[in-house]
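S.K.: Two independent chains are provided; combine them into the complex using the hints.
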Amino acid sequence: MSRMRILLDLDACTGHGRCYSLAPKVFGSDDLGHCELLLAEPPEELRESARRAVATCPEGALTIQETA
Amino acid sequence: MSSATEVNVSTGEANPYTPSVAADPIPFYDALRSHCPVATMEGMLGAGVYIISRYEDVRWALKHPEIFSSDLVAVDIGQDRPLIPLQIDPPEHAKYRRVIDPTLGPHEMAPLEDEIRMRVNEVIDQFVADGQVDAHAQFSVPLPGRVFLQMTGLPLEDLDLLLNWKDEIIRPGGGLLPPEEATPRRRAAGADLYGYFADVLKDRAENPGTDLLSRFFGTEVDGREMSNDEMLDICYLFILGGLDTVTSTLDCSLAYLAQNPQYRAALVQDPSLIPAAVEELLRFHTPVMQILRVLKQPTELHGVKMNTGDTVLLMLGAADTDPDEFGETAGEYCIDREVNRHLAFGGGPHRCLGSHLARLELRVALEEWHRRIPEYEITEGFELAYSPGIREVEKLPLEFKPLKLNPGV
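Chains as they are written, first to last, in this note's numbering: chain A, 1 to 68; chain C, 69 to 477.
Careful, some of the hints might be misleading.
[Unchecked claim] Straight line, CA to CA, 25 Å or less: simulated SDA-like cross-link-like pairs of lysine to any residue:
hint : chain 1 : residue 1 : chain 2 : residue 2
1    : A       : Lys25     : C       : Glu406
2    : C       : Lys131    : A       : Glu36
3    : C       : Lys463    : C       : Leu227
[To be verified] Quick look at which bits of chain A chain C covers, simulated, 3 or more residues with Cβ under 8 Å:
hint : segment
4    : 20-29
5    : 38-47
6    : 57-66
The hints are simulated quantities; they were obtained by calculation from the structure and are not laboratory data. For every residue, glycine included, the Cβ atom is placed at its ideal position computed from N, Cα and C.
So here's chain C without its partners, still in its complex pose (with noise of 0.2 Å):
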């Protein structure tokens, strides 16, 4: 069946929230930009939820968050208080960005690439000597998680701790339980996060380190010091939006790659096409499929008028394979592609604050992968099940000529 089936053009609801358009959401893209560029949130009828799907509309809600706010504390992810700076709207959003964004811009990220490509051959070694290898649970699920506890100095011990508190916030028991089952289970994670860090942040008030966390102490925000519970809101965000991402980014390129030696066999000749390769896996599969947005004012667009308080998806992967951007091969993956404005990360003032680390963590994963195992390909007959929203597997078997333990670093 296709993903198309998933958009009904006769009532203009739809609905992106199911395996079948995770595992394939191109046709389902196809049919909301042509038949429905605003659509409703199928079996919502009269709620007020809509799908925005077409590069230019996505694009302009993106660098308009005084109509499109990203206020959004109604939206169940275990937390407190607004995370920062993702549930802040501007002018409160760009103080907490100006001091945020220089622990993660490019000039702080350049001098991690040795460190990343030390912990990427580390995950490696786990597996390269079996020919086999589940690349989601040993591959793109722990090498994240490994940087981030590099970066803010935290022991390698609490990986599946963390690692789990964040699946039981994004997806408890796997994404499919009712609200009344999920909700409990995500305000229980998400009180062991914060008291997590709660410990965490007092024990670097005391004893400060160079990591990212203790940078935040006497750092000023709009002319004051940062609170604590303003940390913990940061400390929250890094756990959500900076390992399940690049998880998932992971999960799509080497599964893609798997299935497409050819396309596989140029990044190993040739490793400098790897940084082209990386935006155009994240353009092609656009691994955060849609960000949410509520409306703060009237908007009528293509001819539907939304209200005050209406929520809109902003189908991010919808956009990134649009003709109207990037022409007749919109659809497919090309490592030569001119020009490439993806919208992967987002775009206006919420550009995705951790961009630059996840390039750089993708392009080291993705080249030493290469080098270490030029050939994969996944156990025959095996059938991957994508998570909707954010389109992780859950679980990628891949084969390959085991290797003797040769990090060469």
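Bound conformation, chain A alone (with noise of 0.2 Å):
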């Protein structure tokens, strides 16, 4: 089965919330509104908002692994 893994660049997160916006259930926040990951590894049904999330970052804080 194909894996997924999202890294997050904390260096570079702003704390716009984009991500936990619209994947509520792979990413979070701290109080300070910055990400927090709390799914690095997102099963299947949660990858094509996890995708999205990822891609809308302002700041390019998060990639994606993707591995066959």
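M.R.: The structure is reproduced here in structure tokens:
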């Protein structure tokens, strides 16, 4: 089964909060509003929302690694 | 006349501060990005005032505060000291954000939703039976003010006072006064605003509550207690940054939805679309058209050499409608946009401090408005006048079917 791994660059995150709005099961927030990874390897059914959330980060703080 | 004419392609000069640009900025933005990605402020050749407009350039500038500084005390907004944290550069900036961000973070905002919904309905109750409203004066203006008063525990009677000082600072005399008249009015309103919050803070020091302002006391910045001046400089920013911006976004949104019934009907039919609509309305209208930075080092971009001390306008609205980022539909409103990494709240370390509150207010406002007033249109023949810089309308007369008072909450 393919795997998806999300990487968070906390230095780049400035707390826009787009990720946890779009994929609240995959991303959460700390008290400052910065991203917290809830599921670094989201299951199949959450991957589409996770991909969209990653692509929507204005700071480019999130990346995805996919392996077959 | 198209706002594209405000860009002089042959000299590379442009002027975003005109009513025609504010009313219809997209042709202006397109001309800027296509023909002069680093434009010079019109009539200021040699004065070192530049306009940057492409998405990647604006984003790059926002992420590099060591080049594009926010140390802008020279910009006249009636202040005695830099606004905190808006006009503070890293690394000092982060020390303040660390203590202020949690007070306006998503964990703090979520429990406010019910109260904000009540404030929205109180405001709508005032005019819903009339069948007509100036949605600017009666909805977009009072709503963010009432929410601020609720969060800070200040009396509703003070709203007009605060709004008046805010307007006197941002656009004295409607924004068209020459500097020699505008500056003293800004200074006077600024002094009143400091004085007002000095009294409030003194009271809160003696009688602390659970409100936003009381929470400043005992807060540590960099290992010492926050000073009274620092608290005042934050209060000043709350008034200048927190009220006008939400007002202008509500103005732009309601005006646009009034003129585009198909988009409005989609939100009435399926309110779960509203969060995406808020993001797209923020992108498409980018009510705060531009933000200012000052160069800390010589910088060259697209062949234009800029010097230390030069002023740069980062044209957020132009970035947010850049086809290189948003594709062919960049200049259109698309509720089903797959990826929308707009910069309406800026970006980099200075990302809007109040963005989580603003999003909540905007979502709840549009939810309640469309639940109670699903059909509305601009009074026939009325021409909307937008203010440049922060795109508010002077007046937004809307007509709708009068409804009985029924908040239903």
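S.K.: If a hint holds in the structure, say so; if it doesn't, say that too.
M.R.: Here's how the hints hold up against the structure:
1. A:Lys25 x C:Glu406: Judged against 25 Å, a Cα distance of about 19 Å means the pair holds.
2. C:Lys131 x A:Glu36: holds (21 Å)
3. C:Lys463 x C:Leu227: Holds: Lys463 of chain C and Leu227 of chain C sit about 19 Å apart, inside 25 Å.
4. 20-29: holds (count 3)
5. 38-47: Result for this restraint: violated, n = 0.
6. 57-66: holds (count 3)
Checked against the numbered hints above, the structure breaks only hint 5 and satisfies the rest.
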